[in-house]
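Note that the sequence shown ends on residue 255 in the UniProt record's numbering; no numbers are left out.
Please keep in mind that the hints were generated in silico from the structure rather than gathered at the bench.
Check before you lean on any hint, since a few could be wrong.
Said to hold, decoys possible - Derived pair list, reagent style SDA-like, types lysine to any residue, alpha-carbon separation capped at 20 Å:
no., residue 1, residue 2
1, Lys-72, Pro-204
2, Lys-72, Ala-31
3, Lys-72, Ser-38
4, Lys-14, Ala-47
5, Lys-14, Arg-40
6, Lys-14, Arg-24
What the hints assert, rightly or not - Simulated restraints on C-beta separations:
no., residue 1, residue 2, range
7, Val-225, Gln-78, 17 to 27 Å
8, Leu-16, Thr-133, 36 to 46 Å
9, Gln-78, Gly-193, 46 to 56 Å
10, Gly-33, Gly-188, 18 to 28 Å
11, Leu-186, Asp-162, 39 to 49 Å
12, Thr-202, Val-225, 18 to 28 Å
13, Gly-64, Pro-6, 26 to 36 Å
14, Ala-29, Gly-64, 37 to 47 Å
15, Pro-114, Arg-68, 21 to 31 Å
16, Arg-169, Val-12, 48 to 58 Å
17, Ala-62, Gly-140, 55 to 65 Å
18, Glu-183, Gly-10, 26 to 36 Å
19, Pro-114, Ala-29, 20 to 30 Å
20, Gly-193, Pro-6, 26 to 36 Å
Using N, Cα and C, we set each Cβ at its ideal position, and we do this for glycine too.
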Amino acid sequence: MDTIGPVVAGPVAKHLQCRDALARHVRTALAPGDIIPSERVLQDAFAVSRATIRRAVEALIADGLLTRVPAKGTYVSQPRLETQLHLASFSQDMRRRGREPSTSLLGIERSIPPPEATAALNLAPGDQAWRLTRIRYADGEPVALEDGWYPVSVLPELDRQDLSGSLYRLLANRYGLSIDSAEQTLWGEIAHGTTAHRLGSTEPVPLLVFRRLSRSSGRAVEFVVSRYRGDRYEVHMSLSADGPPAESGALPERN
């Protein structure tokens with residue numbers, strides 16, 4: 001642990017010195033998935049109290065550099081998948097990054113959608129839509145849980161199609177509907193219980209949640225909420241003071 005040594009009293013708090021030194025050690029000497037030294041080892045190396053070490057480690061967990069696994073230890077986090085904000089394909093995006101995309105179909109059924117989806121899809125009261133629920137993977141790791149609604153009148157026999165790949169490609173090839181515009185809202189959540197389990201975690205996990213309304217030639221064909229693991233996925237935005245916000249991009253890649 002050549003990058004770790006005793007910290008000294010000074011204008012920078014000891015737990016911040018420990019945080020920065022440990023971050024350097026992680027980036028230069030460890031790899032994603034490696035376990036970090038124990039609290040006792042770090043306490044001796046930095047010549048500080050255990051409470052100081054814990055504050056430093058907690059800060060790096062909050063920053064996403066480290067991940068704690070209960071009853072096992074604290075590990076170097078896997079790098080997040082980064083996406084630019086624009087309308088494209090999840091499958092193409094993963095392959096461009098050298099990752100292999102795959103999909104698990106949890107279910108598809110005809111049902112009357114909730115009021116929000118009914119209004120977004122311009123359905124009349126009582127009109128049915130397909131409810132499609134899928135898990136999206138990159139190299140076998142669950143990245144996103146999708147819960148979407150699709151008009152039955154626009155997409156007949158959707159339940160008989162192969163839904164294990166790109167849905168947007170299916171809409172274009174089978175139904176002649178190319179998704180060419182969308183509106184999207186992003187917020188944060190914490191996944192618990194079933195949602196966390198479906199995303200491969202036994203503990204609560206942070207989420208990036210995208211609610212999207214997608215259209216083909218002005219016709220609304222998709223209303224979907226996608227929950228991405230915040231520790232495996234991040235969004236990059238290029239912002240400018242020139243022009244309206246929409247010019248800086250609007251959509252993460254999916255499907």
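Evaluated hints:
no.	hint	in the structure
1	Lys-72 to Pro-204	holds, 16 Å
2	Lys-72 to Ala-31	holds, 17 Å
3	Lys-72 to Ser-38	holds, 11 Å
4	Lys-14 to Ala-47	holds, 10 Å
5	Lys-14 to Arg-40	holds, 16 Å
6	Lys-14 to Arg-24	holds, 15 Å
7	Val-225 to Gln-78: 17 to 27 Å	holds, 24 Å
8	Leu-16 to Thr-133: 36 to 46 Å	holds, 44 Å
9	Gln-78 to Gly-193: 46 to 56 Å	violated, 23 Å
10	Gly-33 to Gly-188: 18 to 28 Å	holds, 25 Å
11	Leu-186 to Asp-162: 39 to 49 Å	violated, 29 Å
12	Thr-202 to Val-225: 18 to 28 Å	holds, 23 Å
13	Gly-64 to Pro-6: 26 to 36 Å	holds, 27 Å
14	Ala-29 to Gly-64: 37 to 47 Å	violated, 19 Å
15	Pro-114 to Arg-68: 21 to 31 Å	violated, 36 Å
16	Arg-169 to Val-12: 48 to 58 Å	holds, 53 Å
17	Ala-62 to Gly-140: 55 to 65 Å	violated, 27 Å
18	Glu-183 to Gly-10: 26 to 36 Å	violated, 51 Å
19	Pro-114 to Ala-29: 20 to 30 Å	violated, 51 Å
20	Gly-193 to Pro-6: 26 to 36 Å	violated, 44 Å
Checked against the numbered hints given earlier, this structure breaks hints 9, 11, 14, 15, 17, 18, 19 and 20; the rest are met.
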